[in-house]
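Please work from the sequences and hints to get the whole structure.
Okay, here's what each chain looks like letter by letter:
There are 2 protein chains.
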Amino acid sequence: MHQIPDNSEIFYRPSPEGKKLKNSPSGGWGAFNCMTEQYISLRNLRFMLYEVLGAEKLTQYPLYQEHSPENFEMILESALELGDRMMRPYNLEMDRNEPQLVEGKIRVHPKVRDFMRTAGEGGWVAAPFPYEAGGMQLPVTINSACGFIFNAANYSMSVFPFLATGSAGLIHSFASQEYQDRYLPKMFSGEWQGTMALTEPDAGSSLSDITTSAEPTEYGYYKIKGQKIYISCGDHDACENVVHLMLAKIKGAPLGVKGISLFIVPQKRLKNDGSLESNDVQTAGLFHKCGYKGAPIAHLSMGNNDDCRGWLVGEPHKGLAYMFQMMNEARIGVGMNATGIASAAYYASLKYARERPQGRKIENKDVTQAQVPIIQHADVKRMLLFQRAVVEGSLSLLLQCAYYTDLERVTEGEAKEKYALLLDFLTPIAKSYPSEMGVHSTSAAVQILGGAGYCKDFPVEQFFRESRIHPIHEGTTGIHGLDLLGRKITMKNGKAFQLFLAEVNEVIDKSLNINELADFALELQWAVAKLQKVAQHLFGIAQQGETEKFMADATLFLEMTGIIAIAWQWLKQGLAIQPKIAEDSFYQGKMMTLRYFFQYELPKIEGLAKRLLSNDFTTVEMQSEWFE
Amino acid sequence: MHQIPDNSEIFYRPSPEGKKLKNSPSGGWGAFNCMTEQYISLRNLRFMLYEVLGAEKLTQYPLYQEHSPENFEMILESALELGDRMMRPYNLEMDRNEPQLVEGKIRVHPKVRDFMRTAGEGGWVAAPFPYEAGGMQLPVTINSACGFIFNAANYSMSVFPFLATGSAGLIHSFASQEYQDRYLPKMFSGEWQGTMALTEPDAGSSLSDITTSAEPTEYGYYKIKGQKIYISCGDHDACENVVHLMLAKIKGAPLGVKGISLFIVPQKRLKNDGSLESNDVQTAGLFHKCGYKGAPIAHLSMGNNDDCRGWLVGEPHKGLAYMFQMMNEARIGVGMNATGIASAAYYASLKYARERPQGRKIENKDVTQAQVPIIQHADVKRMLLFQRAVVEGSLSLLLQCAYYTDLERVTEGEAKEKYALLLDFLTPIAKSYPSEMGVHSTSAAVQILGGAGYCKDFPVEQFFRESRIHPIHEGTTGIHGLDLLGRKITMKNGKAFQLFLAEVNEVIDKSLNINELADFALELQWAVAKLQKVAQHLFGIAQQGETEKFMADATLFLEMTGIIAIAWQWLKQGLAIQPKIAEDSFYQGKMMTLRYFFQYELPKIEGLAKRLLSNDFTTVEMQSEWFE
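Line by line, the protein sequences are chains R and P. Per numbering that gives the first Met the number 0, the first sequence starts with residue 0, numbered consecutively. Per numbering that gives the first Met the number 0, the second sequence starts with residue 0, numbered consecutively.
A couple of the hints might just be wrong.
Same chains, same label: a pair holds when it works inside one copy or across any pair of copies.
Claimed, not checked - In the DSBU-like style, the derived pairs of lysine-lysine whose C-alpha atoms are separated by at most 35 Å in a straight line are:
id : residue 1 : residue 2
1  : LYS509    : LYS417
2  : LYS224    : LYS455
3  : LYS317    : LYS257
4  : LYS609    : LYS317
5  : LYS609    : LYS529
What the hints contain is simulated information worked out from the structure, not anything from laboratory work.
Pasting the structure below:
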C-alpha cells in the first residue's frame, strides 16, 4: 500500500495532492474499484459447463434429476452474488489484517463469521451432499464451478467452508449415524468448522511417520496425544467449535501407513446437556505466512492435560484410505484454488493493461502522438494470453475431473471403473499444473503492472504471494510426480494411462476433420507420441531395477504430462469454439488463446522430453557433501 | 513468523512447550542461526575471480598497479566481515519493520544510519572511484564481488550505498568540479544519500514522456517542477540529505528523449554559511511493497512552493546519455542483486535439506528405519542443483561483465571497443537472466522447505518476495528484450553479436579438446547454431518491414540467448575445473552443477527455438477486445 503523509487509517490511498494520477501506477485504483472489479468470467464458465462438457446432461440421471439447467444457472448466479457481496470486498483487508493469536485463541477477520453463517444458511457447505443428509445433491461439476467463483473472490475466505464441506464428507461417508447426527448439522450450518489434521512436526510428506497416539478407553472414545502443525482453520473465533478429522495411531498398531486410523477430535466436546466443554486441544501456535494470510494456520497440541478425546471413524487402521477420499477431492480443490487466484490476477492485469498508457506502437517513434494503452504491445498481449491460457486451460481440466466424478457417481460397472481410473490418473496433474503455473501466471500479472504490480496499492502482488502455497500443500509437486510416475501410470497394468490416452485421441481424431483445428491436432498427436516414448524409456530403466533413476525426474514427467493434458483440454474447447467462431468475439478470443497455447506452451515439452530421454543421472549421482 | 500464545515481541519463535522441535518445519531456526548462516561461498567467489577470470592480472595495468592479489583478498574478507556484522543480522528485522512515513519524513531501520557511516568510513561508497577523487581505484571486478556479498547479506540495506555510489559516479563523470566538490565528499562519507530519479507517474518504461520541467533562472540554477515515483531511498532519516540525480526537461527543449537533461536536485540545498535549507522537494508518499521492504521507495513532489532548485549536469538535452552510464552499471547491479538474494536462499535451503529428516530412499519402504535427510532425495538434489546452477552461472556472467568493464578501462583502440561492445551486448542478458531466474531459484528454495518455506519462521519466503522486484526495475524484462533484439544484435552491423559468438566459440574450441568437456562443447555448439538460425529467421521478418512481428517475441529471444550465455559461462568454468577435478570435492560439486545445467537447463532452448522459428503471430494479431 502506498502510504500518504500523516498515516490515515485507509486501505486505499487517494490520489496525492498536487496531481490527479488517473491510470497511473501510483493511483486511481481506489477502494471501490478493487472491491468490484471482475475476477472471473461467467461467460467462460457457461461455455465450459454447457458448450464443452454438456453438464446439463447430468440432469438425465436419477441422482441429479431434480436439477435443471435453469437451476444450475441460478446457483452460479447466487455464487457470484455471494462472492461480490460478502467475499471480494474483504480480500485485501484480510491480507492486511492477519489473524492473531490472543490468549490462546486465534482471532480472524470479523466478516468471516458472517460469511460462514451465510454460507451455512445458503446451503453452500452442504451443497454436494444427498438430500437426506441435508444437502442439495448438487453435481460436483456445478459445485466445483461455484468453488472457482469463491476462490477467485477471496481465496482465504473460501477455505473456511471448503474445509467444513470436506471434513463433513469424511464423517458422512465413514462415520456412524450417531456421529453424523452429532456433527453434520452444526458443520453444515457454518457454526462449526471442520479441518483435516494430518501433518506433524516430524511428518509432512512422510505420513507413515506420524506419532499422534490414540489409546482406547472403556468409554468408547480414545485418548489422543500429540501435535499437529499447519492445520488450516485449526482454531478461530468465527465458529463455536472446530471438528478435526485427525490421523493418529492406536497404541500397538502396525508400523507405517497400515497403522493409521481416523478420528473425530473436536476442539470442544458435547456434554450430555448439549453444552460444550474443552476437549484439551490447545492452540500451541499460529503460523504467519507469505500470503493466504486471511486463513489461520494453527499448531495444535492434543492431550496436554491427558483429557483429549477422539472418536474412531470407521474401522481401525483404515484411516489413510478414508482420508484419501477427502484428499483426492482436496487436491483437485487446490488446483481450483490456484486457478481462482490466477483468474483474479488475470482480470486485474487485463484492466490495467487497457487503461495504462505507456509508449507507442513499435513502428511509431513520433513522440508528439499520444501514448497507447499497453495492451497494444505484443509482449503485454503475450503475458495476458499466457495467463488466460493457464486459467482457462486449468479450469477446463478441473471441470473435466469434476465431470468424471459425477459420471462415476451415476454409472455402474465398467463405465464407473473407467471414470474412477481417469480421475485417479488426472488427480496429480489437476492438482499440480494449476498450482505450479498459477505462480507463473500471477507473476505475469505483476509484470504487466510493472512497479505498480510490486506495490500494495494494487492487488496483484497479493495474488502472487497467495499462489505460492499451492505447489506445497495437499502434497508437494514432487510428491505428485512420484504418484503419477510411480503409481498412476502403471496401475492396473497401465489401464488408467491407456484410458487417458484414449480420451486425448478421441479429441485429436475429431479435430483432424476440422480444417482450423487439424494442425493443432497433429501437434498434439506428435506430443502424445513423445510422451509415450518417454514413458517407455523410463520403464526400461525401471525394468533394470533402477528404481531411483526411474523416479529421479518424476517431477519433470508430471510437468510434461500436465502440458499435454492442458493441450488436450484446449483442443477439446476448440471443438466447441469452431462451429460458433463467427458468432461473437468471445469465440475469437478463445481461439486465439488456443493458438497461443499450442504456439507458446506446448513446445515446452521439447526440452522436457530431451531431458527425460537422457541417460544421464546427475541428480542421483550428486552427493550431499559436494554441495557447498 | 510463527506466533506463540501471548504475543511476545520476538522475531523468532522458541520451541513451543511440550516438544522440542529440532530440525522440524515449525522450529529450531532460532535468531542466532538466521543471522549467522552462510549466504555466499567465498571459496566459489575466489574460484571465479582467480581460477576462471584471472582477476589478479588486472594489477599488471597501470590503473590498478597499486593493487595486489593479497589486497583483493583483504578487501573481500572485509566485505564479508561487514556483511556478517552489520547487514545480515538485520535482514529479517528490516523486512518485518518497514519504513514509515511520519510527518512528511520517511523513517527507516535505525541500523541503516550506522551502516551508512561505516560504509562511508570504510571507503565502500567511493571504492571504484580514482584515488584523486577520494576513492580506492578498485577494479570493477573486485567491487562487484563485494557488491554480491552485500546483496546476499541484506539486499535492502545494500541498496543505500549502492545508489550513493552510482549517483556520485554521474556527478564525477559529468558535473563541474564545483559540483563535485560540493557533493562528493558528503556522499562518499555516507552522510548524504544519492538517488536516480527517472520514473514519473505517467512515464516509466517510456522515458521520452517525462514532464518534470526545469526553468532557467539568472542565478545559474533551474527551477524544477514535477513529480517522481518509485525513487529508491528517495527520502529517509539515515542520512542528512538526499542528492537526486534527476531527469527533467528544460522549457522549450525538443520533444522526446532528445529534450531530456540531467540535474542535481538536492533535498536540502547548501546555504552560503554551509548550513542546509529545504529545497522544496516534498515526500508525497511512501510505497509499500511485496518485498525489498527495508529500503524506502518514495513519491517525490518538486516545486510545490515554486522554490525547488536544480543544477544542470553537463550540457542541456544530454541527460539520458549521461544517465545511461549509470543505468548500464545499475542494470548489471540489479543482476547481481538478484544473484545475491538467490545465493542466500540457496544456502538456507541447503542447510535445511541436510538437517530435515523426511521419508526414506525410494527403494526402501521399511518404516522401522530412520527417516533420511531430504537432501538424499533426487528431486531435492535437483532443486538444489538448479539453484546453484542459476546462482553460480549468473555470478559468473556478471563477473565476466565486470571484468570486461575493467578491460575496457585499461585498454585502448580496438581492444577497448571490443570490450565496450561485449558489455553493451551482454548488459540486457546480465540484467535479465539473473532477475528472471532469481524468482524461480528462490521459489525452489521455498519448495525445498515445503510448508516451512511458506512461513515466516524461515527466511526463504522473504527472499522469494524480494526477488520479484528484479524483472521490473531498471527496465523490465520486456524492455531488455527489445534492447537486445532491436539494438544490440544489429548494432555496428552485428559486430557486438559476432564478438559475443567469438567469445563463446573460443571456450567451445578449448573444451572440445578435453574429454570430459567435449560433449558439453558439442551441445553448446549446436545451441549457438540454433540461436543463429533463429536470429536469421527473425531478420528475415524484419527485412520484410514487419517490425512488430520481428520484435513480438523479443522477450523469448532474450531468454534463449540468456540460457546460452550461462551455458558458455559454465563451460568456461569447466575449463578451470577439469585440471583440478581430483583435488577436492569442491571441483566435483562444480562439475556436477555444470552437468546439471547442460542436462536440465540448456534443453529449454528447444521449445524456445521451436516457437521463435514459427511463422505464427498470435500475439500481434490478438486484439484488445477479444480478451474478456
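Checked hints:
1. When the C-alpha separation of LYS509 and LYS417 is checked against a cutoff of 35 Å, the pair qualifies only within one copy, where the shortest distance is 21 Å, while the shortest distance between copies is 57 Å.
2. In the homo-oligomer, the alpha carbons of LYS224 and LYS455 lie at most 35 Å apart only across protomers (27 Å), although the nearest pairing inside one protomer, at 42 Å, exceeds that limit.
3. In this homomeric assembly, LYS317 and LYS257 come within 35 Å of each other (Cα to Cα) only inside a single copy, at 7 Å, whereas the closest approach across copies is 75 Å.
4. When the C-alpha separation of LYS609 and LYS317 is checked against a cutoff of 35 Å, the pair qualifies neither within a copy, at 42 Å, nor between copies, at 50 Å.
5. When the C-alpha separation of LYS609 and LYS529 is checked against a cutoff of 35 Å, the pair qualifies both within a copy, at 10 Å, and between copies, at 15 Å.
In summary, the one numbered hint that this structure violates is 4.
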